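Enquirer: Here are the chains, one letter per residue:
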Amino acid sequence: MNLIREIWQSIVRRDPLSTDKGKSELVFLNVWLHIHPAKVKKENLRFKHTFYLGFITFFLFLILLTTGIALMCYYRPFPPQAYQDMKDLQFVVFMGPFLRNMHRWAAHGMVVCVFLHMCRVFYTGSYKKPRQFNWVVGVLLLLLTLGLSFTGYLLPWDQLAYWAITVGTNIGSYAPLIGGQLRELLLGGHSVGEAALLRFYVLHVAVLPSLIILMTIVHFWRVRKDGGLSRPVWKLTPEKAEKLVTIGAPAEAVALSVATASKDKTYGLMEVVTGKPIFETITPEEEADTVFSYPYAFVREAVVLMATVTTIMTMSLFLNAPLEELANPAKTPNPAKAPWYFLGLQELVSHSALLGGVVAPALMVLALIAIPYFDRNPSRRPCDRKWIIWLFTFFVVVNLVLIVVGTFFRGPGWALVPPWVHVVSGAE
Amino acid sequence: MERRLQQLFFALSLVALALILAAAWQANTPSWKTYQKNFLQLEAQGEPNAVAKAAVLATPPEIHQSLLPGLQRVDRCTTCHLGVEDPTMKNAPEPFRYHAGLGPHVPARFGCTICHGGQGLATDKESAHGKVEFWQTPLLAKDYIRASCGRCHKEGDVPDVPELAEGRHLFETQGCRGCHKLNGVGGSIGPDLTEEGANRRAPEWLERHFLAPNAVSTGSAMPNFHFTKEQARNLTYYMLSLTSEEMGTYFSSMRSIPGPAYGRQLFIEKNCITCHAIGGVGAKTGPDLLGVTKRHSPEWLDEQLVNPELVYPGSAMPEYDLEPNARKALVAFMASATAEDVQSILSGKPRALAPEQIAIEAGKQNFARFGCVGCHGTELQGGVPNPNAQGGEVPSLLHVSDDYTKDEVIAIIRNGRAPPLDNPTGPTPPLYMPSWKHVLSDEDINRIADYLWSKQQVKKDSW
Amino acid sequence: MNRRAFLSWGTVGLAALCSAVAVSLGAVCRFLVPSVFYEPPQSFKIGNPADFPFGPPAFLADEKIFVFRDRDKGFAVASAVCTHLGCTVAHFQSDQRFHCPCHGSEFGADGSVLHGPAPRPLNWFEVTLARDGQLRVDKDKTVPSSYRLVV
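Chains as they are written, first to last, in my numbering: chain D, 8 to 435; chain A, 99 to 561; chain Z, 5 to 155.
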């Protein structure tokens, strides 16, 4: 009995959870949990503040990681076999369809959630100082997510995959000077073929996941180091907004003194270093506004996790991921469509190659990256930043409208056809 | 609030548990397991005692598959069609019935889909029978299954499937190649037919299409050849057999079926007629072969073809190094050959003709083989509709010499030509004269011109 | 707030989550067990009895088996896989033994180990007559070396 206790205590070296110290130690003595602060601000836990979109995106990524590794056991990235393996997943592998469906729907979900997360961060003005760089990391994560989704789209090697990637990579080839070469480099040839499948596979299972994991670590780290979640706008008074002090903001930082420091608080190692404090300095009344992460934050995260998992599972039980005929380079489906998140661009390309292939994507990426550095307005209140909100909303709406048009309103020959009209293509 | 959240977490975890159990249950109860259970019960009925019955019933469910790398497919049909090779299942209900008459084509070696179509990888009825979206080759209707023989047996005769040979003959004589490519040779006006059997259209569609191209494919440039129903059926069979799929060495070695047509071809190729006669027609060096199959047993004839000296000491017949199928084919030909047959072989030989006749005859054959007849007609009468071309149809060639010199005609054959338009602003006519210089040699083209000139008719109103 | 109830709901929630994870792990393990094999089947037909000669065994290289046919005793099928480390053994007619080329193991006519590092005798597989009259070998079913199928 003593031995068991000793073993347990060697693993969990914290006070009982009934004590405040135990609750804190649960967080910061645990390698997996210590990305959380021991205490969080109450209002930051409110669902309406963040909709937990970052968490949902992260949980979807975890689903993708686990199902993806499982699926790799049954997949060979060579043209005829790749398609046969899809059929095997569908017909003979135990729960093969379910896992493939989960991977598919979680992937689409991640694209949606990462985008919504970005919108939330924009509208709450959370990209502003000191969080500019984390916004940029976020934009990179968005691009990596799109890249993962796009490379994964080819792997089933059916008609849908083949032509979506053919069209998708051709959108990219409109980029001036390097577009064509870039496409060749990506495909390992002039058209989508054996080499392209292998390259997309390597990108999909090795390169891009490693990058996205690395960038996610940076993203999470910076969330903490930039002072945790940005506070809800309605909680901000102008003075308080300026009181946030972090590393790298020494000028306004209030030196930690015995008078301002909470008596019950212990401070970390950095205290012995001379200079300004690295903790966010908070006043006693602010501290009263916080709660321990255990259990308040954890239970919310657990609920969001389970809600995400059950949603994806339910979808996977009832909705099957598409699988069309074996890829046939000699037979173009009409219309051939890129993956849905690039249909806005394809729609633009159908009007102007320059606009859709070059200007729009470049503008979008550059503008997104530049937002925190050009928008120097320090206020996070919507009423103080009307024009940029209008501008961002305009781009979001235009993009969504184009995607909807491209997805549902384009028929054979890229003609405008409402989704309720059924068009029989060709004579046969 | 906190309590509510924890309850919610508990509830959602239970839902997740239920969902994963539901998915596992769904995965564990595929329809093929039910079929296997029913089959085992059927099989157990035939067992004499309770112990054997129990042993049969205890067979664990498993997916059966034939790995067929030579045919580039994996067929799992026998997962449900369990009695295919079991003669005691002759009267069993489907999907358990015995497949009579398989001969050498056992599922372990050939699978099922190579002949029947369907989706071999699938394990549920609807998908396996291929009657689902995104599967191009559903099960062939019973009437058309025999067409699949031609997928491997590309040359020679397929016993009991005369349709294939007939269809091939029609294809080669009706000028289909004028518009359609097959294995790289032919025109580009219509679709390439090399893969016609592989991306199978519905056979019924093909058959209706041959009877009236315009009725099923509106605006089709293909002329109506006024085929009979039987001819349409034969062509459909031939179309269904067209595929460039590599069937592997094992299968292609078996391709030439030892039938009389293959034998006839060998008889011509090996110049048997130089020494032998049939029914008095031919040379007298060797014995007359009429009725030779009645005089000798097939084994005797076979050995004679392997080593004439051994069977018939002092025989002057050379050894031909014929493979077994070729010998069988020759014997089959000799069994059916008649004097008229040899006559026709001889008349097909250029040697029997005058030199200028040879050229004209060769020209006529090329005119048919390369598809000129498809548009210009077997009697050079033309008349196939070609909207917005001058005259609205493909011109007759019976009066070319009135308008062109021979060299001009040769140039047109060599380089091709777009027809002059009726209405210069109207649409491009669907049919045009393709360029033949990469397909036909100059000599071949000259011969076609010779043939044309041999057929020229003097205009009645000329004086 | 009732701390007891608060904790217990969290605990049962965690228990439910753990069971869901456990079932998922089980499902993934089952997922990884292949339902079909892209390799020669373990149970297969080797041809008609009349195809096999009396006397020296027929070696089927793809299946890695020896097929013995005795005039009076019938058919027996021996594995050609050495029980030591899996090399393919050869049958010598001269001394009626199986010799392994890798580490010199020798097996007697009944498959028993005579020399070398092999830990166990060679396997003998069940051979039966299928309904269509062909011989069927099942590598999943081992039988004593005395097993014979009399046709």
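No wet-lab data here; the hints were simulated from the structure.
It should be emphasised that the depicted structure is a prediction, and the values quoted were computed from it without experimental measurement.
Careful: at least some of the hints might be erroneous.
Claimed, not checked - Just so you have them, the derived chain A footprint on chain D, three or more residues with Cβ under 8 Å:
1. 311–319
2. 329–336
3. 418–427
Ideal placement from N, C-alpha and C gives every residue a C-beta, glycine not left out.
Enquirer: A separate judgement is required for each hint: does it hold in the structure or not?
Expert: Here is what the structure says about each hint:
1. 311–319: holds (count 4)
2. 329–336: Answer holds; 3 residues pass the 8 Å Cβ test.
3. 418–427: Violated: only 0 residues of the segment 418–427 of chain D have a Cβ under 8 Å from chain A.
Hint check: a violation occurs at hint 3 only; the rest are consistent with the structure.
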